[in-house]
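Protein chains: 2
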Amino acid sequence: MTEGPKRAMVAGEIAAAMKRTNDIACRAVAEQNADMLADVYTSEARILPPGHAAVSGRESIIPFWAAVMESGLTALTLTTVDVIPGGDYLTEVGEAQLTLGTEQAAVKYVVLWKQEDGAWKWHVDIWNSNA
Amino acid sequence: MTEGPKRAMVAGEIAAAMKRTNDIACRAVAEQNADMLADVYTSEARILPPGHAAVSGRESIIPFWAAVMESGLTALTLTTVDVIPGGDYLTEVGEAQLTLGTEQAAVKYVVLWKQEDGAWKWHVDIWNSNA
Chain V
1 MTEGPKRAMV AGEIAAAMKR TNDIACRAVA EQNADMLADV YTSEARILPP
51 GHAAVSGRES IIPFWAAVME SGLTALTLTT VDVIPGGDYL TEVGEAQLTL
101 GTEQAAVKYV VLWKQEDGAW KWHVDIWNSN A
Chain G
1 MTEGPKRAMV AGEIAAAMKR TNDIACRAVA EQNADMLADV YTSEARILPP
51 GHAAVSGRES IIPFWAAVME SGLTALTLTT VDVIPGGDYL TEVGEAQLTL
101 GTEQAAVKYV VLWKQEDGAW KWHVDIWNSN A
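Protein chains in written order, with my numbering: chain V, 1 to 131; chain G, 1 to 131.
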């Protein structure tokens, strides 16, 4: 992505909270733990995966990610490119690297973040491939 | 998408302003006018198209959409599924139907809306295909 010089996008405390959540997501993929991955989402979260209908609610998100892991997702890295605060929400624009079987995929994403149960979590999650 | 019963998501005035903007986008595609389509974006808007790197700024968004029209995009319809207000922004989750040459494509999208020049415009726009 073409971006300007790096700047403080949100207060350090919020940035740290976001990093904690994103780190859990990456660890969940490394550990092949769909329950752990689904826990970074709010209970009413929605994901909009490419090549698939939208999936609503954490209970439905668990089997979605379990199936993706089953089909070869073994590693995930997330890089925050921009954060736009808006009321009780934050919008994160980011880039992800996925290991799917023997392939690497470069992905970009937009996540709407919301606080729930004392943590910043993913409330709407949409992504697509660069290639 | 699986959604609950319809409810008033934002005040009628804002919903009407959003509809005006979305109607312009659909008309711009029907008229094959990339300048008109780019005008529904904020000046610093970002689009994250599938199969393409992110594109930043209205000036860069114009040639992107001109090329997509050139390659066969002739019709666009937009359906708002949900709107989440947050401070100075709105997040819209929606569904789109695109006519690309002789094919129809079902697309879902997330748009972060922001007010600029007296209108609600698209500030971050990401989408992907259902199939």
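One should not assume that every hint holds.
Note that identical chains are pooled: a pair holds if it fits in a single copy or bridges any two copies.
Derived SDA-like pairs (lysine to any residue); straight-line CA-CA distance at most 25 Å [as the list claims (entries may be wrong)]:
{"id": "1", "residue 1": "K114", "residue 2": "V83"}
{"id": "2", "residue 1": "K114", "residue 2": "S71"}
{"id": "3", "residue 1": "K114", "residue 2": "E103"}
{"id": "4", "residue 1": "K114", "residue 2": "E95"}
{"id": "5", "residue 1": "K114", "residue 2": "G72"}
{"id": "6", "residue 1": "K19", "residue 2": "T80"}
{"id": "7", "residue 1": "K19", "residue 2": "A53"}
{"id": "8", "residue 1": "K114", "residue 2": "R27"}
{"id": "9", "residue 1": "K114", "residue 2": "G101"}
{"id": "10", "residue 1": "K19", "residue 2": "S129"}
{"id": "11", "residue 1": "K19", "residue 2": "G94"}
{"id": "12", "residue 1": "K114", "residue 2": "T102"}
{"id": "13", "residue 1": "K114", "residue 2": "A11"}
{"id": "14", "residue 1": "K114", "residue 2": "E70"}
If you are wondering where the hints come from, they were derived from the structure by calculation, not from laboratory data.
This one's a predicted model, so the numbers in the text were calculated from it and none came from an experiment.
Can you give me the call for K19 and T80, within, between, both or neither, at a CA distance of at most 25 Å?
This pair counts as within: shortest intra-copy Cα distance 9 Å, inter-copy 31 Å.
_Within, between, both or neither: K19, A53 at alpha-carbon 25 Å_ = between (28 Å within a copy, 24 Å between copies)
| Under a CA distance limit of 25 Å, which applies to K19 and G94: within one copy, between copies, both, or neither? | Intra 12 Å, inter 28 Å, cutoff 25 Å: intra-copy only.
Cα distance capped at 25 Å. Does K114 pair with G101 within a copy, between copies, both, or neither? Cα proximity of K114 and G101: none, with 32 Å in one copy and 39 Å across.
- Query: Can you tell me if K114 and A11 fall within 25 Å by alpha carbon in one copy, between copies, both or neither?
  - Reply: both (15 Å within a copy, 21 Å between copies)
- Query: For K114 vs E70, is the C-alpha pair at or below 25 Å within one copy, between two copies, both, or neither?
  - Reply: neither (28 Å within a copy, 39 Å between copies)
Intra- versus inter-subunit Cα pairing at 25 Å for K19 with S129 | within (22 Å within a copy, 29 Å between copies)
- Indicate which option fits the pair K114, V83 if close means a Cα-Cα distance not exceeding 25 Å: within, between, both or neither. both (13 Å within a copy, 14 Å between copies)
* Homomeric proximity label, K114 with S71: Cα distance no greater than 25 Å -> Neither, since 29 Å and 38 Å both go past 25 Å.
Within, between, both or neither, where K114 and E95 count as close if Cα-Cα is 25 Å or less:
both (19 Å within a copy, 22 Å between copies)
Notebook entry, point to check: How would you classify K114 and G72 at a CA-CA limit of 25 Å: within, between, both, or neither?
Noted result: neither (29 Å within a copy, 38 Å between copies)
Item to complete: Please work out whether the CA atoms of K114 and R27 approach to 25 Å or closer within one copy, between two copies, in both situations, or in neither?
Response: within (21 Å within a copy, 34 Å between copies)
Comparing the model with each earlier hint shows violations of hints 2, 3, 5, 9, 12, 14; every other hint is respected.
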